[in-house]
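Peer 1: Its first residue numbered 1, the sequence shown is counted upward by one per residue in the UniProt record's numbering.
Hints may be right or wrong, so weigh each one.
Here are the simulated lysine to any residue pairs, SDA-like style, with alpha carbons at most 20 Å apart [claimed, not checked]:
1. 51 / 69
2. 28 / 50
3. 51 / 29
4. 19 / 34
5. 65 / 43
6. 65 / 36
7. 28 / 65
8. 28 / 5
9. 19 / 40
10. 53 / 65
11. 19 / 53
12. 24 / 43
13. 19 / 50
14. 19 / 62
15. 28 / 42
16. 24 / 63
17. 24 / 44
18. 19 / 63
19. 65 / 52
20. 51 / 17
21. 65 / 32
22. 24 / 14
23. 51 / 37
24. 53 / 3
25. 28 / 14
26. 24 / 8
27. 24 / 38
28. 51 / 5
29. 24 / 13
30. 53 / 29
31. 53 / 8
32. 51 / 27
33. 19 / 8
34. 53 / 36
35. 53 / 41
36. 65 / 50
37. 65 / 14
38. 24 / 36
39. 65 / 13
40. 24 / 46
These are computed hints drawn from the structure, not numbers from a lab.
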Amino acid sequence: LESGDLPHLLFYGRAGTGKTTLAKLLVKNIDCDYLYINASDENSVEVVRDKVKNFASTLGFAEMKIIILD
Numbered sequence: 001l002e003s004g005d006l007p008h009l010l011f012y013g014r015a016g017t018g019k020t021t022l023a024k025l026l027v028k029n030i031d032c033d034y035l036y037i038n039a040s041d042e043n044s045v046e047v048v049r050d051k052v053k054n055f056a057s058t059l060g061f062a063e064m065k066i067i068i069l070d
């Protein structure tokens, strides 16, 4: 984290093991813009796709952008 070089990450496992908590802790501790999407609350792939495209295409405050798709 200190180097600012963050690879693409995929957390997987059973519910309740801390995947979302770890992802949120990561974004709190680095200088980045982030988008959190609870995919189970969204009603279609198109809605998620539009949110991601909009976030990715906007000018942010930080150099890095992170998307958490839960």
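Peer 1: Tell me, in ascending order, the numbers of any earlier hints that this structure violates.
Peer 2: Hint check: 2, 3, 5, 11, 12, 13, 14, 15, 17, 18, 20, 24, 25, 28, 30, 37, 39, 40 fail, others pass.
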